[in-house]
Amino acid sequence: GGGVSNVQITTCWFFTVGTGLQTSKTILPTFSGSVFMDLSEFHMCGSGVKLMDDSAVYMDNVHLHYSDFAGIYVGVANPIIYVSNSGIIGTGRDCPNPTTGCNGIIMNSGSFLLSAVTIDGGLGHSIWVPAPIIEGVMTGCKISN
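Numbers in this note's numbering are just positions in the sequence shown, counted from 1, shifted up by 92.
Hints were generated in silico from the structure; no laboratory data involved. All residues carry an ideal CB built from backbone N, CA and C; glycine is no exception. One thing to keep in mind: the hints can contain errors.
[As the list claims (entries may be wrong)] Pairwise CB distance ranges, derived in the manner of DEER restraints:
hint: 1; residue 1: T103; residue 2: V168; range: 31 to 39 Å
hint: 2; residue 1: T118; residue 2: N237; range: 26 to 34 Å
hint: 3; residue 1: S207; residue 2: Q100; range: 29 to 37 Å
hint: 4; residue 1: T118; residue 2: T231; range: 28 to 36 Å
hint: 5; residue 1: S236; residue 2: G125; range: 30 to 38 Å
hint: 6; residue 1: G110; residue 2: V168; range: 16 to 24 Å
Put together the whole structure using the sequences plus the hints.
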């Protein structure tokens, strides 16, 4: 019973070689809420944010730089992602292994709303949707490779 319902991340800097933030029912089976992030940065991660469950994630002024695989990766779940007023989501130009990743956003399911965001796929895809998703909306974004 019980469990965690919401997580707030404010003014944090993540510098890691693994995953900066991951939601997963396998890791935290009682989590059934939302993640709110603002004024935070993820640098040099395998994946900046990895979503493996149906959480709702809200990002405002969050920068995801130089990810080896993806700035945001969504597995086979149905999360909802809201990103606004962010800097860059992506990989930059120094991709260590361009055959397996270096993408801005990979969406395998769920929904996303992006507003005023720069997405850079580096040597991969800026936004890659290899499987059906529920909905994707972008307004005022700069998308480049």
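Hints versus structure:
| no. | hint | verdict |
| --- | --- | --- |
| 1 | T103 / V168: 31 to 39 Å | holds, 32 Å |
| 2 | T118 / N237: 26 to 34 Å | holds, 33 Å |
| 3 | S207 / Q100: 29 to 37 Å | violated, 20 Å |
| 4 | T118 / T231: 28 to 36 Å | holds, 34 Å |
| 5 | S236 / G125: 30 to 38 Å | holds, 34 Å |
| 6 | G110 / V168: 16 to 24 Å | holds, 20 Å |
The structure fails hint 3 only (numbered hints given earlier).
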